[in-house]
Every structure is written in structure tokens, then in C-alpha cells.
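Peer 1: The lines below spell out each chain.
2 protein chains.
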Amino acid sequence: MNEFDLIQQFFSKAHSKRADVVLGIGDDCALLQPKSGYQIAITTDTMVDGVHFDDRLNAADLAHKLVAVNLSDLAAMGAEPCWVSLALTLPSSDTNWLAEFATMLANRLQHYGVSLIGGDTTRGPLTLSLTAQGQLPAGSAMTRCGAKAGDLILVSGSLGDAALALQQEKIASLPVADIAALERRLFRPIPRIELGLAIRQFATSCVDISDGLSADLGHILARSSRASGHALGATINTDQLPVSAAAMLALGAKQAALNALKGGDDYELCFTVSPDLLQQVLAAAEQSNTPVTVIGEINQTGKLTIQYQQQHVDWRAQGYLHFS
Amino acid sequence: MNEFDLIQQFFSKAHSKRADVVLGIGDDCALLQPKSGYQIAITTDTMVDGVHFDDRLNAADLAHKLVAVNLSDLAAMGAEPCWVSLALTLPSSDTNWLAEFATMLANRLQHYGVSLIGGDTTRGPLTLSLTAQGQLPAGSAMTRCGAKAGDLILVSGSLGDAALALQQEKIASLPVADIAALERRLFRPIPRIELGLAIRQFATSCVDISDGLSADLGHILARSSRASGHALGATINTDQLPVSAAAMLALGAKQAALNALKGGDDYELCFTVSPDLLQQVLAAAEQSNTPVTVIGEINQTGKLTIQYQQQHVDWRAQGYLHFS
Numbered sequence: 001m002n003e004f005d006l007i008q009q010f011f012s013k014a015h016s017k018r019a020d021v022v023l024g025i026g027d028d029c030a031l032l033q034p035k036s037g038y039q040i041a042i043t044t045d046t047m048v049d050g051v052h053f054d055d056r057l058n059a060a061d062l063a064h065k066l067v068a069v070n071l072s073d074l075a076a077m078g079a080e081p082c083w084v085s086l087a088l089t090l091p092s093s094d095t096n097w098l099a100e101f102a103t104m105l106a107n108r109l110q111h112y113g114v115s116l117i118g119g120d121t122t123r124g125p126l127t128l129s130l131t132a133q134g135q136l137p138a139g140s141a142m143t144r145c146g147a148k149a150g151d152l153i154l155v156s157g158s159l160g161d162a163a164l165a166l167q168q169e170k171i172a173s174l175p176v177a178d179i180a181a182l183e184r185r186l187f188r189p190i191p192r193i194e195l196g197l198a199i200r201q202f203a204t205s206c207v208d209i210s211d212g213l214s215a216d217l218g219h220i221l222a223r224s225s226r227a228s229g230h231a232l233g234a235t236i237n238t239d240q241l242p243v244s245a246a247a248m249l250a251l252g253a254k255q256a257a258l259n260a261l262k263g264g265d266d267y268e269l270c271f272t273v274s275p276d277l278l279q280q281v282l283a284a285a286e287q288s289n290t291p292v293t294v295i296g297e298i299n300q301t302g303k304l305t306i307q308y309q310q311q312h313v314d315w316r317a318q319g320y321l322h323f324s
Numbered sequence: 001m002n003e004f005d006l007i008q009q010f011f012s013k014a015h016s017k018r019a020d021v022v023l024g025i026g027d028d029c030a031l032l033q034p035k036s037g038y039q040i041a042i043t044t045d046t047m048v049d050g051v052h053f054d055d056r057l058n059a060a061d062l063a064h065k066l067v068a069v070n071l072s073d074l075a076a077m078g079a080e081p082c083w084v085s086l087a088l089t090l091p092s093s094d095t096n097w098l099a100e101f102a103t104m105l106a107n108r109l110q111h112y113g114v115s116l117i118g119g120d121t122t123r124g125p126l127t128l129s130l131t132a133q134g135q136l137p138a139g140s141a142m143t144r145c146g147a148k149a150g151d152l153i154l155v156s157g158s159l160g161d162a163a164l165a166l167q168q169e170k171i172a173s174l175p176v177a178d179i180a181a182l183e184r185r186l187f188r189p190i191p192r193i194e195l196g197l198a199i200r201q202f203a204t205s206c207v208d209i210s211d212g213l214s215a216d217l218g219h220i221l222a223r224s225s226r227a228s229g230h231a232l233g234a235t236i237n238t239d240q241l242p243v244s245a246a247a248m249l250a251l252g253a254k255q256a257a258l259n260a261l262k263g264g265d266d267y268e269l270c271f272t273v274s275p276d277l278l279q280q281v282l283a284a285a286e287q288s289n290t291p292v293t294v295i296g297e298i299n300q301t302g303k304l305t306i307q308y309q310q311q312h313v314d315w316r317a318q319g320y321l322h323f324s
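Protein chains in written order, with this note's numbering: chain A, 1 to 324; chain B, 1 to 324.
Source of the hints: derived by calculation from the structure; they are not laboratory data.
All residues carry an ideal CB built from backbone N, CA and C; glycine is no exception.
Some hints could be false.
List time: in silico BS3-like cross-link candidates among lysine-lysine, alpha-carbon distance up to 30 Å [said to hold, decoys possible]:
id: 1; chain 1: B; residue 1: K254; chain 2: A; residue 2: K148
id: 2; chain 1: A; residue 1: K303; chain 2: A; residue 2: K262
id: 3; chain 1: B; residue 1: K35; chain 2: B; residue 2: K17
id: 4; chain 1: B; residue 1: K170; chain 2: A; residue 2: K35
id: 5; chain 1: B; residue 1: K254; chain 2: B; residue 2: K170
id: 6; chain 1: B; residue 1: K170; chain 2: A; residue 2: K17
id: 7; chain 1: A; residue 1: K254; chain 2: A; residue 2: K303
id: 8; chain 1: B; residue 1: K35; chain 2: A; residue 2: K17
id: 9; chain 1: A; residue 1: K170; chain 2: A; residue 2: K254
id: 10; chain 1: B; residue 1: K148; chain 2: B; residue 2: K254
id: 11; chain 1: B; residue 1: K254; chain 2: B; residue 2: K303
id: 12; chain 1: A; residue 1: K35; chain 2: B; residue 2: K17
Rough simulated footprint, nothing fancy, chain A against chain B, three-plus residues with beta-carbon under 8 Å [unchecked claim]:
id: 13; region: 22-35
id: 14; region: 60-69
id: 15; region: 84-91
id: 16; region: 137-151
id: 17; region: 220-226
id: 18; region: 238-246
Facing chain A, according to a computed beta carbon distance under 7 Å, are these residues of chain B, among others [as the list claims (entries may be wrong)]:
id: 19; residue: Q39
id: 20; residue: I42
id: 21; residue: T43
id: 22; residue: T44
id: 23; residue: D45
id: 24; residue: M77
id: 25; residue: D94
id: 26; residue: L98
id: 27; residue: A99
id: 28; residue: T103
id: 29; residue: A106
id: 30; residue: Q110
id: 31; residue: T131
id: 32; residue: D208
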């Protein structure tokens, strides 16, 4: 049995048959039967050794994170995850590594009811690329384009934990359990699938927080401004930013807020809703067992304003934050 | 403008809007509207620098080949190509390389009426991974599973030219135009989209020839045997194998036939049809402007027999050919 037979054997566990997979791995193509009247949401994310991860992540972490970062994009549209294709480039045949990777991949896909329907395994520098597809009723997707002045801005979970986990010197003195919890946020993020489905009918826009709140909210402002023809802005109240107790302990209140604004890799959702739907949104989020917090408001100032104890800080260039 | 803005600018040319692309590049996901009653065929192929290609292929060749190898898989199912996602990993910012790559990518996608709907661009060792999707009426796909004893075996075009182009010492003495023609087969293969669509209603099985005729026909035999419960085999008459004049000149008849049996990378189609449909298939192929040749027959021997001037050679292990 050669390496590629081994891979096929490992990945056969991840084929968990969905009824809409007419033909799975083993032919020139897979065949899928989309639901009538539904649209397909599709996303691709690549993780490269030495660029997106290092030796701190083991094979199981990589499989967990690869699924999470892709499914998080589906969550941001409000799509139900269905199928993934894996392009796996591997430097050498390491049976243990492959077994660990494939086992966690199968575990995660099964958890979300997703089938691995194909891909390509090649020799080369370690590169993991997943293409994930979900379905949702035509016209129901959340996008980055629909935010309106007056909408409230909400985020799920807590922000900045993954970014903090990268700063080892800042967390070294924390209790062991806190360090472990922060590292889980970085190594094993959880996509907010249920929340995306729950808020789909209410939200005017949504994005997943992968580049950091200020950058990703910037994407909503930029695209919603272009779509509406109005120069939209936003105010964020840093006092309201949800940060974990561990982040507060490690950084103090002001730095924890800054870290929550700039930190990436949290894979929480940031979304906007009309104020009169807030109660319904909060009820829907609770039904999905996901904590959400109102952190600010969309306005027509054309800029992102950060409020921190009476200080106002302007945000202009997307992805850059000038914090005084 | 940074490198990734540049890439976005280059690739914007390849977005050529299809009406079924509800939302293209620029959000968390793209949104696609599949045709009602249709199925989706999906395939992924990865090309790694130093493994699948070397410096002989320039950026335009790579874009051309990346599209071709993926669309060839759609052709083998009889699917109409629709959408592609590109996972591009690049070692450095080379504007000329990117411009050449993106221009040819856009050219090829436009040629086939395909939209680039997303992907991911990352820094790292040069790796090109494309996921291509096509559509076809539910139940109409050709697979590797339906060949029956008595079916005729046909192939498109000529076989072995791409493999011959790799053997530089064997083609060095050929006329310059012949060398160029052989190298075009290797660097710029053409997927047999029109043929796939034309024969879809007639063929009992189909595969694209990427690993070599004997290996890929082996895939049809293995999967059709498993599907039918019969140990299927085949006889190939090497006298009938379509080889180019250049291959005949460079190798002589016997070696050209061997090369046609084993050589990969041709991206021709190999398919099976019931003998009573042969005239209709030949007419359909002619309508698609694609030469096809009958090269043998499916039988119940459980092995692949190669006939070369009265010699019979058995084929057993998939992908390996014992040729005396």
C-alpha cells in the first residue's frame, strides 16, 4: 500500500454519506444534487506551513482549524455547510501525521454533517487548501453590503483571545487553565454556524472576524457604502467589547479592548441589525446558544469612531486603526 | 497598492459575469444559483512547482494547463463548465508573472464561459490549486462505472504526444514544427468539453486520460467490475491506437504504440459505447469537431489484453502494464 492508498483509506472515514452526494470520491468528479430553490455559498481558505501556522499546531489542530476557518465563512453568509474538497500538499509520508489529521478532519466534518467529496493529494511543501460549500434559500444570504445608518452592531463570543494566545510573554503568568483556554481559541476555533443560521433572517450585514474587528467591520462599511451610495461609518464603544476574563487579567481593561479591536483569528461573527429587531435577534442568538453583545452603531459619518472613556479616535484606512 | 491588491486587479478580468453568479469575489463566500433539476460536477487539481512542472512552463502555460486539467475532468463527466475557485500560493511578488498568469487565466475562462468566483491567495512555495464546477441534467453524467462486456472502447485525438514531449533526446532531431506541436500538447492541453457534452447520452463510461491510457482504462475496468459484479476486461488493438505523425517519426510504430498506452498528460477522453450506437456516437463526435477512434472492446476476461501483431500481453495491476 503506497502513501496515496493510505491517504484514501484515512479519508474514506470522512466521506460520511449525505443523500445529496450522488457520487463521491473515486471518479473524475464528484456529483452533487443541490436543493431546489436554494443557492450555493462557496469559499476557499489555504493554510501554508511557516506562514499561517508553525510547529505549535499538531496535525489534529490543523485539521480542526482548516475546517473551522472555512465553515466560519459559510456561517457569515448564514449557509448550512454541506460539502468540502481538500487540496493537500505533503512533503513526505508520515503515517502518524496523516492518521491524526484524517481522524480530526472526519470528526469535525461529521460534527457539522459535512461530506468530503473530493480533492487532490500531491507531494510538495505542506499546504492545506479547503473549498467548502453550503446551501441556503435563494435570496436569504447575509452579505457585507446591507448595513444601514442606525443599525446596531453586534458581535458573538469574546474578541482578542486568539491574538493574545500568540503573545506568549503576556500570558506566561496566567493560570494554566486560562493559558489552555486562550490557546484553544487560536488552535481550535469554533465556527458560529448555528448563530449564522439563527440571525440570517434579521441581520442587514454580516462578516466573520478573521482579520480583526476593526478591519472586518471596515469591510462591511466599505461594501455597504458602495452598495447604498452613502458614506457609512460606525461608532464602537470599547467599554462594551466582549473580552474574556483571561484577557482582562493579562492585559488590563484598555489594552484588552485594543486587542479585541485589532486581534484576528477569533472567527466570531460581526453583524448589523435594525434596532427594532434587537429583541428578536437576542432571542434567536440565545436559541442558538451563542452569546452576542451590542458594541456600537452604524452612522453616516464615513468613518469608524472608537469611544474609549470620552476619547474619540477616527478610523480611516481599512484595516488600520489609529488608537490614542 | 500591495501585492494582493494587484492580484485582485489582475483577477478582476477573470470574473466575467455569468447570470448564475449571484455574488462574486469580495464577500465571505460567493453565491451561485444552480439550474433547477441539474446536478453539480466538482473536481480539484493541484500543480506544485518542481513536482508537476518546472521552468519550461511559463506563467501563461501554467494558467492554461491549470484550467485544462480541471476542465478535462468536467469533460469526462459530460458537464458544462461554470465556475472555478483558485487557491494560489506564491513565493514573492512578481508583477510580470502575475500579469501573464492572470491574462491567460482570464482568456481561458472566457473561452469556456466560466467565471472565477473566489479563492485564496497566500504567500509560500508556488502551488496552484483549482476547484472547478460544472452542471449537467440530473442522472445524465458519464462515470467510470457503467462499461459492459461487448462495449466498444474509443479515444479522442492522438495519444502519447505529451509524454513524448518530455523525452527531449527522442524529439531533438524532429522538424521544429513537430517539436513545437508536441510541446503544445504538454504545455497547453485542450480539454475535450464539446466531445464530453456530445457523447454524454451515448457512452456507458468515460474517463479522461491523465495517467496514461492503460492506467485510466484500468480505472474504468475496476469500477465497472465492482459496480456490475462481473470481472470485466478489455482488448486493445495497438494497430488502431491513434498516434501523431510526429510520434511515429520519432519512435517508430511499436514504440509509438507503447508510448500511447503508457503516456500520461494527454487529456483526451477514453469512453465505452454499445456497438449498436457506434454510428450515432461517430456522428456526435464529428459534430463536436473531435476525432475519435475505436481502439478495442470490453470483455469478461478480467484482464487487459494488448494485441500487437499477434502478441497478447496481459494487464493485471491497475496502472502497471507488462508489455513484451
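Peer 1: The structure should be examined with respect to each hint, and the outcome stated for every one.
Peer 2: Here is how each hint holds up against the structure:
no.	hint	in the structure
1	K254(B) <-> K148(A)	violated, 73 Å
2	K303(A) <-> K262(A)	holds, 16 Å
3	K35(B) <-> K17(B)	holds, 16 Å
4	K170(B) <-> K35(A)	violated, 53 Å
5	K254(B) <-> K170(B)	holds, 15 Å
6	K170(B) <-> K17(A)	violated, 48 Å
7	K254(A) <-> K303(A)	holds, 21 Å
8	K35(B) <-> K17(A)	holds, 23 Å
9	K170(A) <-> K254(A)	holds, 15 Å
10	K148(B) <-> K254(B)	holds, 29 Å
11	K254(B) <-> K303(B)	holds, 21 Å
12	K35(A) <-> K17(B)	holds, 23 Å
13	22-35	holds (count 11)
14	60-69	violated (count 0)
15	84-91	holds (count 4)
16	137-151	holds (count 5)
17	220-226	violated (count 1)
18	238-246	violated (count 0)
19	Q39	holds, 5 Å
20	I42	holds, 5 Å
21	T43	holds, 4 Å
22	T44	holds, 5 Å
23	D45	holds, 5 Å
24	M77	holds, 5 Å
25	D94	violated, 17 Å
26	L98	violated, 17 Å
27	A99	violated, 22 Å
28	T103	violated, 22 Å
29	A106	violated, 18 Å
30	Q110	violated, 20 Å
31	T131	holds, 5 Å
32	D208	holds, 6 Å
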